[in-house]
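Residue numbers (our numbering), protein chains in the order written: chain E, 129 to 663; chain U, 52 to 393.
It is worth saying that the hints were derived from the structure and are not from the lab. Zero decoy hints are in this set.
Far from chain U, by Cβ distances over 12 Å, these chain E residues were calculated:
(1) Pro290
(2) Glu352
(3) Asp556
Going by beta-carbon spacing under 7 Å, a handful of chain U positions derived as facing chain E:
(4) Arg170
(5) Ala241
(6) Glu337
The structure presented is a predicted model; accordingly, all values stated were derived computationally and were not measured. Glycine included, every Cβ here is placed at the ideal spot set by N, Cα and C.
Each chain is listed here by its residues.
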Amino acid sequence: MNGTVPTRALLATALAPTLLLTACTDSTEADTTGTPTRIVLADAQPLGEFEPVNGYGELGVSPIFEGLLRPESSGDDALPELVPALAASAPEPNEDNTVWDVELRTDVTFSDGSALDADDVMATYSAVLDPDTASEVAGSYSMIESVTAVDDHTVRFTLNYPYYAMPARLTLGITPSEEITPGPAADSERNRAPVGTGPYVLADLSADQAVFEANPEYHGTAPEVTELVILSVPDDNTRAQRMRAGNIDGTVLPPVTAETFAHVDGSEVLPVRTAEWRGLSLPSDHPFTADPDARLAMNLGVDRDGIVENVLAGHGRPAHTPVPDVYGEAHDPEAVFAYDPDAAAELLDEAGWEEGPDGVRVRDGDRAEFTLYYLASDHLRRDLATAFAAEMEPLGIEVDIQGASWDEMGENSTQAGILLGGGDKPYDLDTQVYATLHTREADTPTYENPGDFAIPGVDEDLEEARRSLDPDERVEAYHRVQRSYVENPTYVFMAFVDHTYVAAEDDWDRGPLVLEPHAHGVSWGPWWNLAEWRR
Amino acid sequence: MSFSPVRRIRSHRTRWRDRRRELAGLVARRVALGLPMLVGLSALVFLLAARSPFNPLAAYLGAGFQRTTAEQRESLSTALGFDVPWWRAWWSWASDLLHGDLGWSRGYAMPVSEVFAERLPWTLLLSGTALAVAVLSALVWGTVAGLHPGSWPDRIVTRVGVLVQAVPPFVLALGSVTVFAVILRWAPVAGAAAPGEAPTFGGVVTHLVLPACTLALTQLPWLLLAVRTAVARARGSEPVRAARARGVSPARVVTGHVLPVSLAPLVTIVGARLPELVVGAVLVEEIFAWPGIAAALVASAQSLDFPLLAALTLATTAVVLLGSLLADSAYLFLDPRVSADV
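Using the sequences and the hints, build the whole thing.
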């Protein structure tokens, strides 16, 4: 019996997928010109959280929304300048920086056709400050006491304390007052139906893609890239494969995966700088880390260049203090710890921490051993914690690393170290360093200075910088902060991380990159100013 | 022993009547068991979520959680409703459900019912196609292998089956993307339609081939090996030997005698492996960025989007229960020796 039926059917089922596949190879291909007017990008995030009240486009970078100010960049190696977007001119502070007046442009309409006025700005900021909206970003605006309209086109921000860095809080996207509804911002319809004043409007939103088209109401120069498509592709490898197959123009990838595109023709790897640091807080209520010599020794004994090279695939920079060199004059290039494990060992010996029988140092019965927590779901933090523990072992310091949730870490923050990140909103130095280095106060966030240390002199200098009206005085004060810190370190800062993007090569004049906040994805990278790309 | 056509029809009728009664009993028992199970399970989702170390507020705030004060966290939890005890959260969810309201998905910023409406058709299309491809291929290849146990086609089919079974689904998925989409460029890498365009019939078919074949492949080995064994056993059975002795053509022996007997185990296995299909769909949808509901399961679990997570868990459980009920019912009709008392 040789069943003729099965054999034929076998061939048919074996070949069917192949035939189907070959029948469909003539699918649409990318624009062959060097300046395609349609850009297709793949993002890791789900789509549909386009709500400025909840922090979408908070730093003035978004295709749909604009803030009163926007960043204007000269490159990602320096702070961007904050220039008027919806504001008619630079914000005007009173003599002690407690009241800021902003005049609005009069020629701006939202994409729904309504005109921009002071009410819209008031409504947006008030919604962020309203506890009922549960805005994710409310904490960044705690210096604002009230927002009022001086007239139709002038808004006044009255602050709780003098705050020189207020312009960095004026980039929040503005939404029409009529659109703002009570209740949690996360539950608002605006997430999927945004109305803004930016160069693009959301034309279509489905489960896996968002299509943005040029906004006919836009008050600026019409963008030359007229259509932006963002696909939601959660899997890192799938985004890399799509990039490799050539049917998208760019995506965001982890450093190590991005690096595999370094030699792929037609695409380029774009690392973009941030002020985001990774490092660990040290516990004050622990016999070893409470010793200033021990903290200094750990800072001298960690090979930051090696960590950047090995853990970050080279896409980062060593961090000694929370102040990276992008802050220009305010950064003190002398405030560094030279890598010197021998000096670290000597310092520990002198402080009385002597090697015990198992290789771990001991002083008066106290072991040089502490727990280091990292957020269990964050692979980078895990790898950094592991690297740090490995660097400490030859010094005779035992670091027990442990993955944990935020709640567990918060409960033990004065007895154990925590692998932390910071510098998420980098456009002023106050948010970059104040809470991180200042003595804990009643309203200090739980994971800022969680070790609860006080560095002599630092509180006064931080406050002077915040209240000072003279930029030179501020620079001086920040220099003193950095110098006091390196004499008496309370953390071990390890690295500033880069965000890594892969983009298809094209002939667009893209303009400079911009220093990025923690937020990343395809709204940033080389696409942050897509509306200004020129032929 | 006469074989008058009238008597045969009548015996079929009485068999159908008896079976119908048995079927009604089976359905009633399964529903009586299934409903309380679903209720208990939904409560369990809320209980486990409350007892888990995951903090919904941390999931909601992401990196921003680090920079909140205890006071801010309390106020946020109150505004977002994270501070109510789990049984009250469950109760309000369940009573809304009884009124036809599935709740609001924060992860997708739309009602849960709309998440289902937007994504479920894509998953049905993907899983349905994959299941059809898997069952058809299993029947064909399983029959070929089973008809000649020990022959080279049998050895190849069996070994390939065992090999594929041993490869994790995500490796199969990434491998097929690399080979067919990146190297050969025969199919698109991912998604359900060309970027920026509305789905068209041709476009969807092109995008469907790779994920559906991958998903089918992950389901194939069990089905294939089961069919092969059943066919090999049926081949040596008396009715088949008798048919062959009567000079019935080989093709007719296979379609008329071997396959009907081998079908029953296949049906049970398909029913029993529905959970696997769901799990496979989760992985395949994630890797192929397929806009289906299984990908939403991952996203809702990661962001602790309770209303969506609970609805999806219930729906998945209901599908599995229904699948095994359908399989057992079909078995009643396919094999007269089976009773529904189990």
